[in-house]
Each structure stands twice: as C-alpha cells, then as structure tokens.
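**Student:** For reference, the chains in residue letters:
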Amino acid sequence: MAAAIQAFALSKRFAGVQAVDRLNLTVETGEIFGLVGPDGAGKTTTMRMLAGILAPDEGSAFVAGYDVVRDSEAVKNQISYMPQRFGLYEDLTVDENIRFYADLFGVDAKTRTEHAARLLQAAGMAEFRNRLAGKLSGGMKQKLGLTCALIHHPRVLLLDEPTTGVDPVSRRDFWQILYALLAEGVTILISTAYLDEAERCTRLALLHRGSTLMCDTPERLKSKMKGATLIVTSQQPREASEALSGADGISSLVLVGDGVHLVVDDPSRRRGEIRRRLEAAGVPFEEINASEPTIEDLFVASIERESPYAGQ
Amino acid sequence: MPANDAHAARASVEVTDLVKRFGTFTAVDRVSFQATRGEILGFLGPNGAGKSTIIRVLCGLLRPTSGRAIVAGLDVASEAEAVRQHIGYMSQKFSLYNDLEVIENLRFFAGMYNVPNHLAQQRIAGAIAMAGLAGHEHDLTGTLAGGWKQRLALGCAVLHEPAILFLDEPTSGVDPISRRHFWELIHQHAAAGVTVFVSTHYMDEAEYCNRLALINRGRIVAMGTPAELKRHAMKGTLLLARCDPLGPALEAAQTAPGVMEAAVFGNALHLTVGDPRTAIAALPAYFTRNGVRCADLEQIRPSLEDVFVALTGVRPPPAGGPAQ
Amino acid sequence: MSAGRLIAMARKEFIQIRRDPRSLLIALLLPIMQMALLGYGISLDAKHLALYVYDQEGSQDSQALLKHFQASQYFDLIRTVNNYHDLKRAIDSEQCKLGVVIPFDFSKRIRDSGSASVQVIVDGTDDNTANLAIGYSQAVIADYSAGVQHDWLTTQGLPVAGGGGLSIEPRTWFNEDLESRNFIVPGIMALVMALVGALLTSLTIAREWERGTMEQLISTPVTSREVMLGKLIPYFVLGMIDAALCAAIGVWWFEVPFRGTVWMLALTTALFLAVVLAIGFVISAGLKNQLAASSIALMVTLLPTSLLSGYAFPIEQMPAPIRAITYLIYSRYYVTILKALFLKGVGARALLGEMTALAVYAVIAGFFATRAFRKTLV
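Chains as they are written, first to last, in the working numbering: chain A, 291 to 602; chain B, 2 to 325; chain C, 496 to 873.
None of these hints come from the bench; they were simulated from the model.
Misleading hints may appear alongside valid ones.
20 angstroms max Cα-Cα, derived DMTMM-like pairs, lysine to aspartate or glutamate [stated by the list, open to error]:
no., chain 1, residue 1, chain 2, residue 2
1, B, K231, B, E306
2, B, K231, A, D486
3, A, K425, C, D638
4, A, K425, C, D515
5, A, K512, B, E80
Ranges between beta-carbon positions, derived for each pair [unchecked claim]:
no., chain 1, residue 1, chain 2, residue 2, range
6, C, P814, A, D329, 58 to 68 angstroms
7, C, W748, A, D398, 42 to 52 angstroms
8, A, R312, C, L802, 49 to 59 angstroms
9, A, R408, B, T144, 48 to 58 angstroms
10, A, D398, B, N291, 33 to 43 angstroms
Beta carbons: idealized from backbone N, C-alpha and C, even for Gly.
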C-alpha cells in the first residue's frame, strides 16, 4: 500500500529564514505520526504545505496519493486540516459549525446527523449543540474542531498542535478519540511542541530548524540513545549538582526541581561512583533510579551532537 | 545580592484564602500557600485555571476580592505600588520591544524600574553577560532567536534586583537546549536568594521547580515537590504493558482483576493497579487467556500529567466548563 | 461550482450577520440616520432670510416695495434701521443676511423717469446663500417693478404692454418648487448604498483572516468563486432591503415624488450593488486587516460619491477636466438614474447609457473580485 503522506526535499523560506529545509517524510497508512519540535522548528509550515494551502519553494509532496502542488484541490477532498486555532466560528453554535463543514465537503444530511451525533456523544458534548462555539471551554473547542474535521470521514487527518494549552483531562480524551480513529484506518499526522506528548505516537520525527533530526518509533529512538538516564532525588539539588559536576562518564547533567537528571555511559558502573561522591560531599539524597530517557533527552543529545552549543 | 533578615522577609510570599471574582465568575477560589526565600515554586495547570490571575494579584495588578496576599512583606491590597518595586515580571511574549535594540530595551527597563543611574550601567552590562549577548548589544530585538530573547527578557526583569521573580510561561516554544540553559540561570538566581514563581501549562517544565502547586479551576488541587506528588497523588501504581493486539488488549485490561484504570499510550498500555507485585505476576497469564500477547510488563514512574489527571480526572460537570 | 457549498457559505454568513450587532447597525440604522441627517440637514434652498431695511425715504412707494419683500417666503423682514452703520453692523454680526437700502429720492425718481435704483447689500461669506439672496431680491424687485411700470405707463396714458410683448415666465420642469430636497434625496440614497455596500463587505474576508478561520476554510474543497459569491449574496439581499428602506423614507417621509417603475429601481439598484459589493470584496481580500479595509472602503465610496457623483454638486457646473473624471465615478451613473426615476419617470430606453456603464463597471469589478481571493497563504 502506498504511504499516506510522502514528502521529498520539501523547502520553504520566509523573509530570509529557512523555515523548512529539504524535509523528507513518510507516513504510513493507519499510523499516528508525530512532528515534534519547539516553535520555529518548521512544524506549522510543513503542515500547511501538506494541506495544500502553502506552496513549497522546492521539493514535492504527495498526500493520499495526490500531488500537493499540482492537485491541491484533489488533496483537500481527501484530508482534513485542523490548524492551531481550530478554525471554529465563534459566533456560530456547535451544530451550525458542524453543518457548515459537512456542507463544504458535500456530506448529505442523513450521514451528517448520524455521524455528528456519534462524535458529539463520544466527546461528551451532546448537550452543548446549541451553544455558541465562542462560549466553550478550551478543551471543548478542541473537540468540536476535531468533530468538524472528522465529519466527512477523511482518509488523512492533519492536526497542527491541537492540544496546546488544553487541560490534561481533555487532552487524554482527545487522544482516545485519535486512537479510535486508527482502528478505522485513518492516518493521522499530528504536530506538537510537547515533547512528552510525542511518546504517544506510533512513530515520530524530531524537527529542528526545518529538517528532521531523527525519525522512528519512540522505543527505537530511545534505545538508540547511548547511555542511560539516572535520576538522583535530593532535597538539595544544587549541592548535588555541584558535587557531581566533572565526574567521569556523565555526558549530561541537568538540574531539576527535586534532584538531578544524569545521562551516563554505564549506569551500573557509575551508580556506585555517584553515590560515593554525594556522600563524600555530605549531600543528602533519597534515591538514585535508572530511568528511560525522555524525548527531550534525545533531542538535546542529538542537537548537541550536531553543533556544539555556542548559540545561534 | 543582599543576604540579611530584611531580605529574607522581602523574599517571602504568603497567601491566605485568596479569592478573586470577576462578576459571577470565580477565577481564584480560596487559594493559600507560602513561598520561602530562594525557592522555585511552580503553578501548573491548563489555560484558564487561574494561574495568571493569581500572579497578577501578587504583582499588585489586580485587587483581591477577599483574602490576603503578602508579598515581600507588603500587603498587595493596600500597598500595590510599593510591592512592584520588589518584584520582577518576565513574560517572554510580551516584555520586549521588537523594534528596539538589545541595549535600548535594557535601558528602557532600567528606567521603568528606577534603577539609580550610577548602578544602571553596571547592571546592564551584567544582564548582557548573563544573556550571552556580548557583541550583540545593537542587534534589533526582533531579529534574535527565541532562546536569546528569553534570556534578554530575564535580564530586563532583574535589573532592579528584585527579591521575587515571576515567570509567565517562560520557555514556551524555545528549543530544549536553550531551555536548559535558561533554567540554569534561574537556579543561579534562586541560589542567591531570589524567590521564583513560575506559571506554566507545560508539564515537563514543572520538573524544574522545587515545589509545585497544581491548579485547576481556581483551586489548588495538590501541592508538593514533583517526587512527592508522583508518589502520593496517584491512587495506585503505574504499569507499562506492551501488548499485541492493542485494541483487544485494552478491552481485556479494563476488566482485568486488580486493574483500576487502563489507557492506551502510544504503542502500549498504561495500567493503574493497586498492588504492582501481584499484578505483574498475574497479568501476563490473564492476557494470554484473553488472546492477547503481552511482551513486557514493568512498573514506571508516573508523569506529572498522570498525577494531574488522577487528581482532576472527573469529567467536567454537565453544566459545562466556564466560558474561556 | 457546487450549489451545496455555495449555500453553506451564504447560510453561515447570514447567521454571522444576524448575530453581529455592528453589522446590523451599519446595515439597518445607518441608512435611516443618513437619510434623516442629510435630508433635513442639507437644504440648498434658502428661506426666511433675515432682512434689515434702511428706508431713507419712508414714502408710500418705499413702503409698497417693503411689503413685497415681506410677502415673499424667502425673506423675513426683521427690522428697519436708519443709518448705514447699523446696517453694516447687523450684517457683520450676522443678525441679518442682507440689507435693502431705499434711497431718499425713490418715489420722486419713479414719478419722474419711471426708474429708480434700490441697493441690496448681501453677506457674501456664504457664496451659495448670497447668490440666492441676490436672486430672490431681484425677483421681488422685478415683481414690484412690473407693477410700477404698469402704473407709470397708465398715468402717462401710454398703452400697457399687456397681451403683446414678451415676458419670461420661468418654469422649472420636474422640480417645480425647486425643492432642493427632491434633488438631493435620491443622491443620498446612492450615497447610502455605496457606503453600506462597500463597508459591510470590506470586513468579511479580513475578519476571517483575523479570527483564524480562513486557514481552515482554504484547506477545504470550497472554491474561491464559491467563497466570493457565498459571502456576497447575504450582503446583496441586505443592500436591496436598504434600498427599499431609503426609497420608502424618501417617498413617504420627505415626500419626494417617485415617477418611475419599481422594477426599474430594483434592476438598476441590483446593478449598482454588484459594483459596490465587488469593490468591497476586493478591498477585503487585498487587506487582511479589518481596520484598514473599512477605512479604505469609506474613502473609496464616501469621497467620490459625495463630491463627484452629481449628488450635491451638479456635474454640469464643474470645470471640464473634473467633468471628464466624473465619467469614471461609478456612483455618478446611479445618481443620474435615481434622479431620473424619482423625478422624471423615464423608462429603460432613456437610461440605457447609464445602465450600460454600470454593467461594464460590474463586470470589471467582478473580474477583479474573482482574482482577488486566492486559496493559498503565500
């Protein structure tokens, strides 16, 4: 089966800044693919190009089998794009918004009514049908935006940072809906600046300055990470940090609120040394635990590998 | 930085039963907490939870409806103007003027905070060094990348050497390396005795704080160090189960004995169980009996998001969420 | 083009207009206010002009002349003075608009030679009123002088020039009372239509960009033509309602006659609306900012229409180069049509030229409108 989304050397430049830099991407049908990276990494620009609303300077992309540059209107029939601001009309009710988008995609009334009822029920919004979209909470707006995007059964879903600023409970509900869609064979491309959200994706690509740092399943990415993460929990994190700085085998030392996160080359060997150092310095600590590296650890490690941190 | 008792009093914040209402909407609902000198305290919660309102009250920008807030030894209700001399406020998105040069922004804020002339020069130089912007004093602020702007904004906020620092979503959107560097700076300030308040909805940013207050709908839902919250707030223990196929695995897990909650998370399941040991022993067989292959089952540390959901996990009441 | 999508766009726009107090205010209240303000406020007539008299003679003849002035609806005889100084002061302090000075030998001259001069001093600061004042006084005096001539001829025993001889009896066709209101109100209607049409539409595209809904809209299969038509249809309907409102106010409140046919009014108004709506759309699509768009819309409608459309200042009296420019002003044709429909009652044949001009304009503006809105970000 052909991949749902394919991008080759996609590039876009704005006012002297290379927003997207020869990006390659392949999203298989039926997976949730995460475009992960901080603001300015090129996520939104990439999304817009794949949605056919922004023309790339160079490169090409195919979404649902259609060329986004030559057949952008054909692409739009197959996909749903949900931008960061959800595309909701605040002065229209929930029902009016859904009806509008359904009509734009030519969904007949019967299908629309059934599907909308099901989606709203799943989202827990059935009793808000007559409420103005502007009067909904952040989490509900997000779910309404998703409902409008799904009303025409798209094959591919492009979601640009849909969970930004939304409360964690709504975020969970949102992801449950996404997982349910996978079961129906929908392909989802989701962009996020939340590095911890990236772990929920089937596969992900870490974006930095417009190009991909790495791309794989979360597990495989983490297993590639050399060394392991150790977490030292201490009430005096600063003193712990000072005591451990300069110790052998530690490639990364990050001061956090309640301790220190370390990346070491050999956890079993270094654990003892760390313990000894802390005790020698008289720094109280509660425990030293091994931990899986986070996506952020991956990010930092690979960026540092690319260019030594010296600034711009 | 001065290190005496007066400063210790100045660096403390004490809030008692704070309430702030806007018309019929209660944005802050009886919030109480304390922060001591040199502490990094985080307000964690989604947009609209009331974090910004609390901070604005503490900065003297909003009058409390009831309750008390003592900042730097001063009552914000009656001495709002005096309070502002002792606090610094940094909001990366709104602080800086993009059409001013780096040094012009610094001079502007030095003026705003009434930094005495004989000290201003020296402190501005210090801010430039801290931000790593030596040689870039005359760059237009709008041309700086996110991480640099962030450190510049911090520099502008501390020119008057405040005892208390408020950071509003300080590292949203900044790349992870810049973010780590920024937090090193914050920790240095805290080490020197500055009390730091951070307001954020990024769960992983909260890890940088010494203590956290989880805020939801105007109330503090829980308070403690990140480790404490993870240990005590969860109703059970979190297990990670790699199962195949995922859909049936979820269904099976939801009715499995000893499993309080089950949810899909990426390619695996997160299970909340009462007793991890018996669960790890019994579950693999249970899954096999239900036609699911379970490759891996291990206990994992909950994330702050898990904690937050566990504490606030009740769906919003049918009356609907507040208008945001 | 998909009817379903077109209807969806139009329906959404209708709902939004209904729920937006500002749009409703502009659409419904503005026309009424404009008609009222301008209809009552602007009167190019001058009536009841304050008049002071310096009657040096005080004779029966001079009194007779003064009675003519008093009888005229154009003048209010306020006061008599007995020296130039007071008269001048009265004019300077705007206590009167003009002063009439009757010389001390008025009746003697009339008896002797049949003619005498009367001095009329006018406050010239307001050009228009001054000219009218002079004109009216000449009319009054002419009237009196006709009587004087008649009497003098009779006393001389000469035949009176009645029956023979030519006399000019001016009659103004179509606007007998020279009520400037009849002349202006149709023009006001054109102004209101231009304003409302362009102003409302100028916000529509810009608003979607500012609110962030445009991004999602252009990612759907809707075509730019469907967006344009779908958005303009509700404003077209609103515009026609406004036209009916203005016409109704003009006819029933201001008692301007309407001698044309309703369907001609509707047809020509529809044409005009097509033009202004398209202009508003182009502005909105070009400037993605609501504030800028509405400002430009005001400039492009208010200015040309009030100055160069013939609404208040007759085109025939403009210098030739300016007159040439007015051919480019779209509202000029509509004003001509409206005046013709209201006051003359002509049919389509007479107005064919103007209607063609409007149609051409509509085609050109429509062409730009379809090109103005693109379904891409950059």
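**Student:** Evaluate each hint against the coordinates.
**Tutor:** Now for the hints, and whether the structure bears them out:
1. K231/B x E306/B: holds, 10 angstroms
2. K231/B x D486/A: holds, 16 angstroms
3. K425/A x D638/C: violated, 74 angstroms
4. K425/A x D515/C: holds, 15 angstroms
5. K512/A x E80/B: At roughly 52 angstroms apart (the allowed maximum being 20 angstroms), E80/B and K512/A break the hint.
6. P814/C x D329/A: 58 to 68 angstroms: At 60 angstroms between Cβs, range holds.
7. W748/C x D398/A: 42 to 52 angstroms: About 49 angstroms separates the Cβ atoms of W748/C and D398/A, which means 42 to 52 angstroms holds.
8. R312/A x L802/C: 49 to 59 angstroms: Holds, at about 57 angstroms.
9. R408/A x T144/B: 48 to 58 angstroms: Since the Cβ atoms of R408/A and T144/B sit about 50 angstroms apart, the hinted range of 48 to 58 angstroms holds.
10. D398/A x N291/B: 33 to 43 angstroms: The hint (33 to 43 angstroms, Cβ to Cβ) holds, given that D398/A and N291/B are roughly 40 angstroms apart.
Of the numbered hints stated above, those contradicted by the structure are hints 3 and 5, listed in ascending order.
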